[in-house]
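Whenever a hint applies, use it, and build me the whole structure from the sequences.
Protein chains: 2
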Amino acid sequence: MRIGIDIGGTNVKIGLVDDRGQIVQKDSFSTDACENYEQFVQEIVDQCQRLIAAAGYEMAAIRSAGAGCPGAVNDQNGTLIYMPNIEYRNVPLGPDLSRQFGCPVYLGNDANCAALAESAVGAARDADHSITITLGTGIGGGIVINNEIYTGFNHIAGELGHIVLTVDGWQCGCGRKGCFEAYASVTGLIRMTREAMAEHPDSLVNRLAQGDPEKVSGKTAFKAAQSGDAMGLAIVNRYIGYLAEGVANLINVFQPEVFVIGGGISKEGDYLLDPLKKLLASRVYQADVPRTKIKVAETGNDAGIIGAAMLGGLSHPAPCASCG
Amino acid sequence: MRIGIDIGGTNVKIGLVDDRGQIVQKDSFSTDACENYEQFVQEIVDQCQRLIAAAGYEMAAIRSAGAGCPGAVNDQNGTLIYMPNIEYRNVPLGPDLSRQFGCPVYLGNDANCAALAESAVGAARDADHSITITLGTGIGGGIVINNEIYTGFNHIAGELGHIVLTVDGWQCGCGRKGCFEAYASVTGLIRMTREAMAEHPDSLVNRLAQGDPEKVSGKTAFKAAQSGDAMGLAIVNRYIGYLAEGVANLINVFQPEVFVIGGGISKEGDYLLDPLKKLLASRVYQADVPRTKIKVAETGNDAGIIGAAMLGGLSHPAPCASCG
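So the sequence lines, in the order shown, correspond to chains A and B. For the first sequence, the numbering used here gives the first residue as 195, with consecutive numbering after it. For the second sequence, the numbering used here gives the first residue as 195, with consecutive numbering after it.
Any given hint could be a false lead.
Said to hold, decoys possible - Below, in silico cross-link-like pairs of lysine to aspartate or glutamate (DMTMM-like), each with a Cα-Cα straight-line distance of 25 angstroms or less:
no., chain 1, residue 1, chain 2, residue 2
1, B, K487, B, D322
2, B, K413, B, D468
3, B, K220, B, E252
4, A, K220, A, E492
5, A, K371, B, E492
6, A, K417, A, D406
7, A, K417, A, E393
8, A, K487, B, D269
9, B, K472, B, E451
10, A, K413, A, E393
11, A, K487, A, E451
12, B, K471, A, D406
13, B, K487, B, D468
14, A, K371, A, E389
15, A, K413, A, D482
16, A, K371, B, D468
17, B, K472, B, E492
18, A, K371, B, D362
19, B, K413, B, E451
20, A, K371, A, E342
21, B, K371, A, D362
22, B, K371, A, D482
23, B, K472, A, E237
24, B, K371, A, D468
25, A, K487, A, E462
26, B, K487, A, E462
27, B, K409, B, D396
28, B, K489, B, E451
29, A, K417, A, E451
30, A, K471, B, D322
31, A, K461, A, E451
32, A, K472, B, D362
To be verified - Each pair of labels, with its calculated beta carbon distance range:
no., chain 1, residue 1, chain 2, residue 2, range
33, B, R485, A, N495, 33 to 39 angstroms
34, A, Y465, B, G367, 31 to 37 angstroms
35, A, A248, B, V483, 46 to 52 angstroms
36, B, Q216, A, D482, 49 to 55 angstroms
37, A, K487, B, A255, 27 to 33 angstroms
38, B, G203, A, E281, 55 to 61 angstroms
39, A, D212, B, T225, 55 to 61 angstroms
40, A, T204, B, G463, 47 to 53 angstroms
Derived by calculation from the structure, the hints in this document are not laboratory data. Glycine residues also receive a C-beta, built at the ideal position from the N, C-alpha and C atoms.
Here it is, written out as structure tokens:
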């Protein structure tokens, strides 16, 4: 049994995860409830102890714990370097939790945890090499090589959203212009939708958003397109065009066996994947060799907990004794 | 002692490489001299035997051999899948050589061999994770993770020139538009130089090329810039701008400890590296963590032989007993 801790900007989700990567018990608390770092650590410890007791286990049954953080961590010494929205900086979260749990505690980036969850029990469970990107407000990414997260020499590799797709293009939050994230995140899709609305005030897209650019979401253009609206389809095609360029870049560099796409937009399923695969066919460098499989993420909202629990190295759980 | 075989489009260079990655004897032959695949294999074997004898060794002293090829190989089973300019396809070069040598023979892509040479005895010899790109007619690249070449699930990872920098940009030889290679290769620099020449027929750049676009080389713009010519400097700055975007992309994804730049343009040295480093400072995602070192390749024309010899796994040779 392992503990997975998914630290977010507003709340912390904790789960007990068995050796097959299934969550057997979970709970969460708001980060607002903690006045300082010491309280934050104590709240995590208290909640873990409650979960373990509720599931009928003792602390000794826990082999390891992992915490995924939406910021920078040092995965070698367990230091939480920084996170947006939470003011703790350079705190030894791994060692502090480890002392209280009496087991190893590993730290990882949240996007890496999502990739590890997909590698262990999700869409990439049958592959040794995979990449997972999460299309959200930004683009998170994780690189799995030989069933382990690759973090580079300074522990922060895998910023897959920050590869420039268009030199001097749209401003990205990272300071550069034209990043993959600026175009292929939900934020990019919303911008494309708003641009089209402004040019065509009488469109279905405008009506769906009640004429208010603030009411545009990542679903607006897809909804219009699925109703057969030409402008909706043009927006979706533009968006998927940029997504394809970014995904093809990563495939040409890594040649992963499976490329997993998660996040809200991935819920469009084949409506996203079919045109994406068509565009990729002429963009990837894979003549005369096996091709990368493109899949939608499977671990959903639990990815953070499962991936954090897997940081201990149990990338691929043992097969079930009964099902082989 | 190991054998390194550097197969090119027009000739094959072979070297005996000692355990410190130094070439002790080398020679070459023209691929035109071979009428078929069997002759090609025999010529390699004959030349290796001559080299070994000339160096005063016996075949039994050879621990392994490696061959680097400018095309696709399967590094698991030793199949040469294809090479431009040579018609052999899907031939078992590794096993065929191994039978005659009586030692293991490894196959690798030539750009990967160059990266391995830099990792073993060149500019990245002190790093476990490095990337080497070679700026030539195209852009070759190799990814070294934990002192080994990373080739992905289908053995062809590391096509670092084929990441799109500008969607719908300049046509690339790979079929996509806007690739890193289209802009930051020597071919890209020559195109930039010719474009500027056409716009400014009275420039120093024009005079250096005797007014003939066909006489432009990768050195023309650099020469003009180093003479203080504003147009030459503008071309060089434009070129280095694209180079910086591509290098920053790769750093953000991999976070290598050392990023090595080889090929003809790298001979410009600090004249290339200083402005490149300045541009990278605001483009890489490395706040609060150690930064990647940018270096010029050191193994030069011998990179192919040394890297091929290193394919056997001797990534980092043992330190010298006398110098430590």
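Broken hints, by number: Of the numbered hints, 5, 12, 15, 19, 20, 23, 26, 29, 30, 35, 36 and 37 do not hold.
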